[in-house]
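Asker: So the sequence lines, in the order shown, correspond to chains A and B. Position one of the first sequence corresponds to residue 1 (our numbering), numbered consecutively onward. Position one of the second sequence corresponds to residue 189 (our numbering), numbered consecutively onward.
Among the hints, erroneous ones may be present.
As the list claims (entries may be wrong) - Just so you have them, the derived chain A footprint on chain B, three or more residues with Cβ under 8 Å:
no. : segment
1   : 207–218
2   : 232–243
3   : 273–284
4   : 300–309
Treat the hints as calculated values from the structure; they're not laboratory data. Where a beta carbon is used, it is the ideal one built from N, C-alpha and C, also for glycine.
Single-letter residue listing:
There are 2 protein chains.
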Amino acid sequence: MKPDQFKLILPMPVTVITTIDAAGVSNAAPYGCVMPVLRPLDLVALASALPRDTLRNIRETGEFVINVMGRPSFDRAMNTARNYPAGVSELVEEGIDTAPSVKVTPPRIADALGWIEAVTDREISAENYALILGKVVCAEISDRYVEEGTLSEPPAVMLSPYYRLVGEPIGDARETMKLFLGNPAPDG
Amino acid sequence: MKPDQFKLILPMPVTVITTIDAAGVSNAAPYGCVMPVLRPLDLVALASALPRDTLRNIRETGEFVINVMGRPSFDRAMNTARNYPAGVSELVEEGIDTAPSVKVTPPRIADALGWIEAVTDREISAENYALILGKVVCAEISDRYVEEGTLSEPPAVMLSPYYRLVGEPIGDARETMKLFLGNPAPDG
């Protein structure tokens, strides 16, 4: 395979990042390039393309929430990849329920498995990407997905090249997820 | 949970990074903080603690191989987390078979699912971590794990806080992996 196809074998968690812009309008978008920065630290790294609303909002407000998705909420959450203009909330347009965050202003997605609230610690920019390092200020697991002290639903993982953004079909992503999660829940 | 425990809900791929030092001695160590940097690019990011041999070797030679592991090779690969001194090869000590890489000098782990060969593009250092951005120069999937054009074995994924380094028990990691992979293969 070509070198840039290495993502075929590097599975990543399915997250949706919620932010708000300076005017307070919320935004939500799927991100597949998110990782912790070392086990003992409270840092998380995300890679973003430069023209994304999420990045612009993080630059404006210094806050973001990483919503970790599972099978039950995966399909609807992926609708936030649809291409709405800046200033229009994907959460409102797609009818996705939110809940207030604990330490930051952007809302959480209510039916996520868990939430990682972060404030910008550092940004590293390059010609064609930006890396945001966030200090995690609050992390919670949804009570809905905890049974007897363990997570009853594994976080969704997919092979990132199948991770379609902005209006492309996500059928491939669902196929890929079967490798990890078995058959996804039926629609609806 | 405490903010630094967010890794409980952010699963990451299980990789082992192979490098060589300036004297040509190979090194191998598990890394859980590895992610692609954007879908269209050929960049990969990894986060490393500062005192690790892998980081020192990458700084000396500018080359590394990310070996993506699966269930069949997971247990033995995790033995590379044992704490051997610098200048001693975990690959030799643990009897892990290697194969030559295509574009870089560090060897591959023969029974990995796939290999991502990279050269350093940029290093970002901080007080307590380093981020290495690597340009991927070769990516291959092992023929052993391809059936009818698809990957017959999913890459191993685990929840990173259970990812024990340097001599700690890895029982927790195996338990966590069951969420994603079912029961691991028996020992031996």
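Asker: Look at each hint and say if it fits the structure.
Answerer: Status of the hints after comparison with the structure:
no.	hint	result
1	207–218	violated (count 0)
2	232–243	holds (count 5)
3	273–284	violated (count 0)
4	300–309	holds (count 3)
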